[in-house]
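Q: Could you put the whole structure together from the sequences, leaning on the hints where they help?
In order, the protein sequence lines correspond to chains W and Z. Everything in the first sequence is counted per the working numbering, starting at 1 for the first residue and increasing by one. Everything in the second sequence is counted per the working numbering, starting at 1 for the first residue and increasing by one.
Simulated from the structure, these hints should not be mistaken for laboratory data. Keep in mind it's a predicted model, so treat the numbers as computed, not measured. In this text, a Cβ means the ideal position worked out from N, Cα and C, and glycines have one as well. Some clues are possibly wrong.
[Unchecked claim] Here are the computed distance ranges between Cβ atoms for each label pair:
id: 1; chain 1: Z; residue 1: ILE53; chain 2: W; residue 2: ASN146; range: 28 to 34 angstroms
id: 2; chain 1: W; residue 1: SER190; chain 2: Z; residue 2: THR54; range: 43 to 49 angstroms
id: 3; chain 1: W; residue 1: SER159; chain 2: Z; residue 2: ASP57; range: 33 to 39 angstroms
id: 4; chain 1: W; residue 1: ASN245; chain 2: Z; residue 2: LYS280; range: 55 to 61 angstroms
id: 5; chain 1: Z; residue 1: TYR261; chain 2: W; residue 2: LYS144; range: 47 to 53 angstroms
id: 6; chain 1: W; residue 1: LYS73; chain 2: Z; residue 2: PRO8; range: 55 to 61 angstroms
id: 7; chain 1: Z; residue 1: PRO8; chain 2: W; residue 2: SER30; range: 31 to 37 angstroms
id: 8; chain 1: W; residue 1: LYS203; chain 2: Z; residue 2: LYS159; range: 42 to 48 angstroms
id: 9; chain 1: W; residue 1: GLY110; chain 2: Z; residue 2: LYS280; range: 23 to 29 angstroms
id: 10; chain 1: W; residue 1: LYS203; chain 2: Z; residue 2: VAL226; range: 20 to 26 angstroms
id: 11; chain 1: W; residue 1: LYS186; chain 2: Z; residue 2: GLY65; range: 40 to 46 angstroms
[Said to hold, decoys possible] Cross-link-like lysine-lysine pairs, in silico, DSSO-like; alpha carbons within 27 angstroms at most:
id: 12; chain 1: Z; residue 1: LYS48; chain 2: Z; residue 2: LYS61
id: 13; chain 1: Z; residue 1: LYS280; chain 2: W; residue 2: LYS73
id: 14; chain 1: Z; residue 1: LYS291; chain 2: W; residue 2: LYS77
id: 15; chain 1: W; residue 1: LYS137; chain 2: Z; residue 2: LYS34
id: 16; chain 1: W; residue 1: LYS193; chain 2: Z; residue 2: LYS115
id: 17; chain 1: W; residue 1: LYS137; chain 2: Z; residue 2: LYS15
id: 18; chain 1: Z; residue 1: LYS2; chain 2: Z; residue 2: LYS50
id: 19; chain 1: W; residue 1: LYS186; chain 2: W; residue 2: LYS137
id: 20; chain 1: Z; residue 1: LYS61; chain 2: W; residue 2: LYS164
id: 21; chain 1: W; residue 1: LYS77; chain 2: Z; residue 2: LYS34
id: 22; chain 1: Z; residue 1: LYS34; chain 2: W; residue 2: LYS202
id: 23; chain 1: W; residue 1: LYS138; chain 2: Z; residue 2: LYS291
id: 24; chain 1: W; residue 1: LYS141; chain 2: Z; residue 2: LYS22
id: 25; chain 1: Z; residue 1: LYS2; chain 2: W; residue 2: LYS137
id: 26; chain 1: W; residue 1: LYS144; chain 2: Z; residue 2: LYS22
id: 27; chain 1: W; residue 1: LYS141; chain 2: Z; residue 2: LYS291
id: 28; chain 1: W; residue 1: LYS207; chain 2: Z; residue 2: LYS34
id: 29; chain 1: Z; residue 1: LYS336; chain 2: Z; residue 2: LYS379
id: 30; chain 1: W; residue 1: LYS203; chain 2: Z; residue 2: LYS34
id: 31; chain 1: Z; residue 1: LYS61; chain 2: W; residue 2: LYS144
id: 32; chain 1: Z; residue 1: LYS376; chain 2: W; residue 2: LYS141
id: 33; chain 1: Z; residue 1: LYS15; chain 2: W; residue 2: LYS193
id: 34; chain 1: Z; residue 1: LYS4; chain 2: Z; residue 2: LYS336
id: 35; chain 1: W; residue 1: LYS141; chain 2: Z; residue 2: LYS34
id: 36; chain 1: Z; residue 1: LYS116; chain 2: W; residue 2: LYS186
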Amino acid sequence: MLNPISLAFKNARKEKRPALLTYTIAGDSSKKQSLEILKAISNYADILEVGLPHNTPVADGGQIQTSAYRAIKNGIKMNDIFKIVNDFKKIKNSKPVIFMGYYNMIFQYGENNFLKDCKKSGVNGLIIVDLPWPENKKFSKKCKKNSINFIQLLSPTTSNNRLKSITKDSHDMIYYISMLSTTGGKLKVSPKKILENYNKIKKISPKKNCVIGFGITEKTISNFKNTDGIVVGSQICKEITRSLNNRQNPVINVSKIVSKLRKKIS
Amino acid sequence: MKLKKGIPVIDQGDKLGFWGGKFGGNFVPETLKKPIEDLEILFNKLKKDKNFITERDKFFKNWIGAPTRFIKLKNLTNHVGGAQIWSKVVSDANGGAHKIYNATVHCLLAKKSGKKVIIGDTGAGYAGKMLSMAAKKFGLKCKIFMGAKDIKRQQPNVKAMKKNGADVIPVYSGSQTLVDAVSECMRYWVANCDTTAMCVGSTVGPAIFVRICGWSTSQISRELKVQLINEFGEVPKKLKLYNCVGGGSSSFGFWNEFMDYDKKQVEFIGVEAGGPFKSKKHAAPLTYGSKIGILHGAAQYVNQNSDGQIEETESISAGLDYPGISPLHCFLKDTKRARYTAASDEEALKAYQIVTKYENLRPSLEPSHAFSVAIKEAKKFSNNTIVIINSCGDAYKDRGILEKKLGKKYVKSN
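A: The structure is reproduced here in structure tokens:
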């Protein structure tokens, strides 16, 4: 039986479109609202990335930082984050959820403890921004044992040799960082160049699902229709901020954006 | 966990960059793996290259002004009673602090790698000021990331950076101090690592930055060893080296050359920032038993909550106001080679008053922390004990704070 992440890619492929992955910060702007947002956008997104808010994020741009600081300020804790996923999965059990975060939060929780609670609450995959290969070898094996997808990251600076080693050690999904940037940067590389690198990865590792993220918005997403999957994060976080500032309902506004994103690639 | 003899501490890390198997490492985004590896290859090659060492020493001597003075504080010794109190006046160095060594080496490396821009973080403003000086000297464009709170409290250094042509970029996130400046600087590097070199301002960050900085500031103890032998004919039998510890670059440099001596002969005392007397916040992870965590790419003892969020610090001295500590110091602590303690804001201010009252020396608030502990402990030692404090910064940058805390008159009269 395919794991839920691979199944999501397979289903999207059947519809001749890339899978849509969204990123929102757990607990932004509150525990309740963050769950409502997940429920709403899961009608359009294929895989939900849930960010673990951290206060010294070295790879995140302004939008996601703002979301993360807001969630922390509102008192979000690891236990709450697991509860959000748990509650979400009660309603949408088949929708894959991926945690994305920084290693210190996992380290403090304890790797084994963390994986145990991931499993219990229904988390399907993990992206750890600051635990690169080969440092992540041991942990990624642990994830596999627990049937949790450890998702390796690749970037334009990744050398060919490294690319081969990393893809070899990866599970079902790989994440390609589109450009040299923190999250939410303006797409400063041409889609053509990004697709060239994407195709290089696919050539080396044709069976793994490769998604592209960083700098993808409503404006740029349609350039990547012929890929396995696309991640949109900062634009969604920005919309939450904008809605809150204008005293509007972020759940409705974010849901609208994700619906539009889905239309652009369908 | 054991400290090896005969091998520089900066080279005692394992393949993945961990000292003692658990401090340091490279917890970085994938994008930075390549530039970090490039820098490692370059540094490992150049540090064995005689021409490069000659070039470095030329700049250290002719431009930085090596060696900095080693002086006896006679009046202070008489006042305290007990050990002989000496100081290594590292603030003599061009620019007024030890940060110039690391900045110079990073600019040399940037030139060798063909980079045109160099970026750096700063807390007290010294690392930024020195990097801006060195960048100017070597013809590199320079950007300095600095917490908005620090920009306010360290104006003299901010002015100096701007005068040297650097862009000073205020960081408004989090506590608006050094921790956020380092994060923002790393983020900028993630986005620009193809054209830009990064200088981490202390012995913190991914392993290569810890090593480069420690290698650079070790100039301090190389000089001191020669000066000790000139003065006493040998390395004294009872020597105690006091140094403030924020990230840990000046203390590591002050101690490195004496690492292999028995600690009964050469003792290292690191003084962290205890923060305001009545506050629960501090910048002393070693003294107050903080847990190991990951900050800015390295595993280290760091102030954090149970969820792994980095905690805000508080200290009168911007240069020590950092929640983490160099992996090198974690290693020296756990191998028991160095001893760590803390001084409060009030104690540092008091020490500043005592030192400036008795001596023609104006240690900045950072080394004033070290003076505070040294003065207290020196009383208990015999006259043949040599106590040396690294006066690694000049108080000029602290004028505003000193004036506010101690009164205009006091600052002016000194």
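Q: Go ahead and decide if the range 20 to 26 angstroms is satisfied by the Cβ distance of LYS203(W) to VAL226(Z).
A: 59 angstroms, violated
Q: Need the status of pair LYS137(W), LYS34(Z): alpha-carbon distance at most 27 angstroms?
A: Within the cut-off at roughly 18 angstroms; holds.
Q: Checking one constraint from the list: CA of LYS141(W) to CA of LYS34(Z), max 27 angstroms. Satisfied?
A: The given pair, whose Cα atoms are some 24 angstroms apart, holds under the 27 angstroms limit.
Q: Mind checking the alpha carbons of LYS291(Z) and LYS77(W) for me, to see if they're no more than 27 angstroms apart?
A: With a Cα-Cα distance of about 18 angstroms, the restraint between LYS291(Z) and LYS77(W) holds, given a limit of 27 angstroms.
Q: Between LYS207(W) and LYS34(Z), does the CA-CA distance stay at or below 27 angstroms?
A: 26 angstroms, holds
Q: Given the hint that LYS2(Z) pairs with LYS137(W), does the C-alpha gap stay at or below 27 angstroms?
A: The given pair, whose Cα atoms are some 26 angstroms apart, holds under the 27 angstroms limit.
Q: Would you check the hint for LYS48(Z) and LYS61(Z), treating anything up to 27 angstroms between C-alpha atoms as holding?
A: 20 angstroms, holds
Q: Compare the distance between the alpha carbons of LYS280(Z) and LYS73(W) with 27 angstroms, and conclude whether the hinted pair is satisfied.
A: 20 angstroms, holds
Q: Look at the Cβ atoms of SER190(W) and THR54(Z) and judge whether their distance stays inside 43 to 49 angstroms.
A: The hint (43 to 49 angstroms, Cβ to Cβ) holds, given that SER190(W) and THR54(Z) are roughly 46 angstroms apart.
Q: For the pair supplied as a hint, LYS77(W) and LYS34(Z), confirm whether the alpha-carbon distance does not exceed 27 angstroms.
A: Roughly 34 angstroms separates the two Cα atoms, so the pair is violated.
Q: Can you confirm whether the C-alpha distance between LYS15(Z) and LYS193(W) stays at or below 27 angstroms?
A: 34 angstroms, violated
Q: Between LYS61(Z) and LYS144(W), does the CA-CA distance stay at or below 27 angstroms?
A: Given pair LYS61(Z), LYS144(W) is violated - Cα atoms ~56 angstroms apart, limit 27 angstroms.
Comparing the model with each numbered hint stated earlier shows that hints 1, 4, 6, 7, 8, 10, 18, 19, 20, 21, 31, 32, 33 do not hold.
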